[in-house]
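Same order as they appear, the protein sequences are chains A and B. If you count the first sequence from 1, position 180 lands on 189 in the numbering used here, and the numbers rise without skipping. If you count the second sequence from 1, position 95 lands on 129 in the numbering used here, and the numbers rise without skipping.
Among these hints, one or two may not hold up.
[Claimed, not checked] Part of the chain A face toward chain B, derived, beta carbon under 10 Å:
1) 189
2) 193
3) 288
[Said to hold, decoys possible] Which chain B residues face chain A? A few, computed with CB under 7 Å, are given here:
4) 139
5) 150
6) 160
Think of the hints as simulated: they come from the structure by calculation, not from any bench. All residues carry an ideal CB built from backbone N, CA and C; glycine is no exception.
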Amino acid sequence: MTTSTTAPRADLEPGTPMSSRALEALAGSYRSIPVLGVLGLIWLFFYSQNSAYLSVGNISNLSLQIVTTAILALGITFVLLVGEIDLSAAVLSGVCATVAANLAVKQGVPLGLALLVALGVGLAVVLVEALVIIFGVPSLIVTLGGMSALQGLLLVVLPPEFAVSVGGTTYAEIASTHFGTGTSFAAVGACWLLYSVALLRRQRRRAASLGRGLVPVVVSGLVVFGLVAIFTQARGLPLPVVILVVMLLLASYVTTQTTYGVHLYAVGGNREAAQRAGIPVARMVVYSFLVLGACALVAGVVDASRLLGVSNSSGGGPLMLNAIAAAVVGGVSLFGGRGSVWSALLGALVIGSINNGVQLLGYQPEVQFFATGGVLVLAVAIDVAITRGSLLPGRR
Amino acid sequence: MTTTAAGTEQPGAGEPYLELRGVSKYFGGVRALHEVDLSLHRGEVVALVGDNGAGKTTLVKVISGVEHPDSGEVAVRGEKVRLDTPRTAAGHGIHTVYQDLSLCDNLDAVRNLFLGQELAGSRWRGRPLDRHRMEVEARRVLDSLSVRIRSLTTPVGGLSGGQRQGIAICRSLISDPSLVLLDEPTAALGVTQRAEVLDLIGRLKAQDRGVLVISHDLKDVQEVADRVVVMRLGAKVAEFVRGRYTSSELVAAMTGAHEGSDG
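So here's chain B without its partners, still in its complex pose (with noise of 0.2 Å):
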């Protein structure tokens, strides 16, 4: 990996793209977040990590504006916004690839890549799909994050789970997204397979976009993250910079093995 703008730049440095101060959610008497303090920025890689029902994926969703908080605030670019669908999370230049893929199997790569943001004509001549364009751009994405498909015209569900994850991935980059929000991406893979997506992680951040990463393989999340956050609970436990953790550090602020020690 090459170490250019994103390793000149000291990681959690500068005005953070992404910043959560204080939010907390509740599902009934459940506490799902509580006062989670969370920022993410540009070329940086922040891997979301913790037990089952410790509020990852609570978290993943607010800000990926499928839940709104009870309370706290969100700031994209110091500014203080409202994620209220997906929608505006895209708007904002959030963009989330779920655990599933969310991909069509009987469509092809280039009608994945651009679906629900087709390029077409006028509406009146029906929204005439501009095959050659999307193809185009189709191949741009692809190539830049270095995914090597055999066609883009044989339907998706005919590929290793490898070039769905990456296709899963390009679709987010479509919308040339600053944030990218990748949940479980290695969960379901080989071994070859692991490291292209990790491979992916890498050329993300080279290209000066933000990645958070939730993931259960302390493996990956060591091997990618500029930083680690761990949730415990619905609450941060503990932020640990690259370098400068051990496993057992990591797995003792997961499972609070040292309740009390501050991370």
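In isolation and in its complexed conformation, chain A is listed as follows (with noise of 0.2 Å):
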């Protein structure tokens, strides 16, 4: 059976080498193969310690812990992309869920007003910065400053009570709604059917054969309804879950399928050439802040919607460092330029299953700090030897 089908596909490609192929394949998932390793052995180690690690409800948990880091990874990683960087987004994220859940469960405003008027709020602070980036402050003093000043606002927007509960709220069912086995698999079942024929009828119109497209098809239902199949024998297919989904399709379609993505990447890659090739270079820093603005609103509401209430630590702690981790260990170029934005869920699946660990575990909070530390600078130093390998062959 396979033999029938590889053959008239060689005849038909005669002049496309397998070998040039395969690279190609290595290419465009050549940094993410690292970072499941680096994930695959973290597995595997607290599995070995502790087999409720890998159970039905602790990878449904997991799922959940890391939604936050991940939807803010995915904002900071455009930011990267166009060779930009961002510090205040955790404390915005915080100020963004304060306001929404202020005006909804205080002021009596309906939910989705509320987070309209937070949306405007987080948009409206990412432009001011990414105006004051493009008159030629660089963006980490911008951001920087950004940071403290919106920690100032933080406490301006909180009630003086300096907490807001959101507990048995509208608010609060954004993290708690879990759809059932039934939906779950009917609207997954649907999404992917839709991506499997937008799939082979591009592949048709290449002229490929159609084996070589079912490959990826047949993975992607595997996980998929593999993945469905775990989330509904816990609690159900998790609300925040399906948002970071969403949201991660949506941006990985804009930034592969689109002119708007190849501009990103240009923008990254080489801001004179973009400028030249006729790129508004300014725009795109400030659309790729805008994409981070509306991303912290999201990773805001469902954090505090999960931790039900805000306060005035909203989107301090770690969750700035682990969301730039997340996107760096991922993969996303410091520099600009390179990356993907599946990178923020790898990054934050390999944070996110290290410090489910050690909870779990019970081991004492300072590993936490040291794991995650290792794994960056690590993930960063296999990065580093990739690139000298692979983009630049021979050139000095």
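Fit chain to chain and form the complex, with the hints in mind.
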């Protein structure tokens, strides 16, 4: 069966060497392979220590724990891709969540409207930051200052008691909503079907064989339905996870399939070349910061909803560090132009898996910090090694 | 090199594609260009030579729409035009390949070729790339200049200097220009890669495009140019036609050794 499908394929495209196809595939997913390896090792280690680590319940738990970091890391990825950085996003997520909580819970504004206002606040803040950056102040400084200023803004938007509890409100339902087995499988199945059809149609347009298109279809099907099965065996498919996946899919489409995406990478890769090619560089920087602003809102709201409230520590703690680390561990370059949006998920999974395991095994919390720091440096070291080896062969 | 359409016509004859008449440019009190006349034809390779500070770069900037002349006029196909921006210049069929190539090392060949002029769908669908059509077109353009690249999907940062130069030149062909400006195309290349690029220039000419090459390398110039324009201190001091000059005449004109003798 396999020979009968591969033979005509070779006849159809005599000029395409399989080695270059293999290279192409490897180059595309190159960066995620070492990260996946590290993730596998982490899982193997904790599983060997305690078999509950890979239980259905803990996987479901882990997924909920990483959502905030992953969504924030997704926004950071956009900013890193154009060669900038943001240190204020975590606090901004706290500010957005607080504005929404204040309006929805204290003032009785409908949740949708409250979220819209919070989105406006988030976008306004990043817009100001982006404009100052375009003016010429380094993004590190702008967002460092922004972080401090937003800490102040957080105290301003908080009520005098410095906390808003959202327990028992529609706000809290964002994180506690779980979709049942029927709904989950139906919705996910429909999405998977749409994806498969789109993929196979493109494959046919390129006059490539159907067999090659079937591989990603089958693999994605196994992964998607397997995950849904795990979630539905626990408490159901959590809404935050759905939000994260939808955002990732949208970001993946935009960055890899659209003109906007190419320009994003071009600006990060060679700003002057992008400018000469007529790409509006300044506007691209503003766009990526606006994406970060929207991500900060979603991350903040999901986090507040999961923790049942906001306080003056919302968006504080290690969240900012973890989000940047997640993007970088996942393979996004700090110097712009390299990495994919899936890096955010992978990196957040690595960091979240360590934290989850350390807590599960009851280790001292310092172990968590050591391990996260070690993985961050290790991941960048691997990245440096790969870059030296593959991207610039023979060029000094 | 085949001598077909381009060879039958005497270089420099017929209506020029681009014509500069008495173009001058000042930067403050400094005279960068002084009353320069220059005509460029399709199917002809013109080399622009001169010492540092001779005004070559300024002249190229004027033609590519980066700088505007203070006086004099520019005509495309006999019609007076204003080349205000690189985009207007491109609109008039003039494309510039910069010395640093202006490639994005992190993007693949197809994305670099179409950078800023991607084939994409409608705006409200998020301008999705027509990757298939772009790949087909990229192959056609690369083949037309015999630029061979291992894969269209590997980042161009990993390619050789000659291949990168090839991609940069091919990028100018995406918009099908009539005139291609090459700024020091062989400056940073090895021997074989240099030969590749000189071949490319020959193929551009065979496609009936005009080529203006800025170069320091007199060997390159003598090899590819139908006409050599010599600049010195912002003025055009000499013009030579292929086969009717010697290296020493060229050097003399560049350095001003025989001051006063008109070229």
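A quick look at each hint next to the structure:
no., hint, in the structure
1, 189, "violated, 32 Å"
2, 193, "violated, 27 Å"
3, 288, "holds, 5 Å"
4, 139, "holds, 6 Å"
5, 150, "holds, 3 Å"
6, 160, "holds, 5 Å"
Checked against the numbered hints listed earlier, the structure breaks hints 1, 2; every other hint is satisfied.
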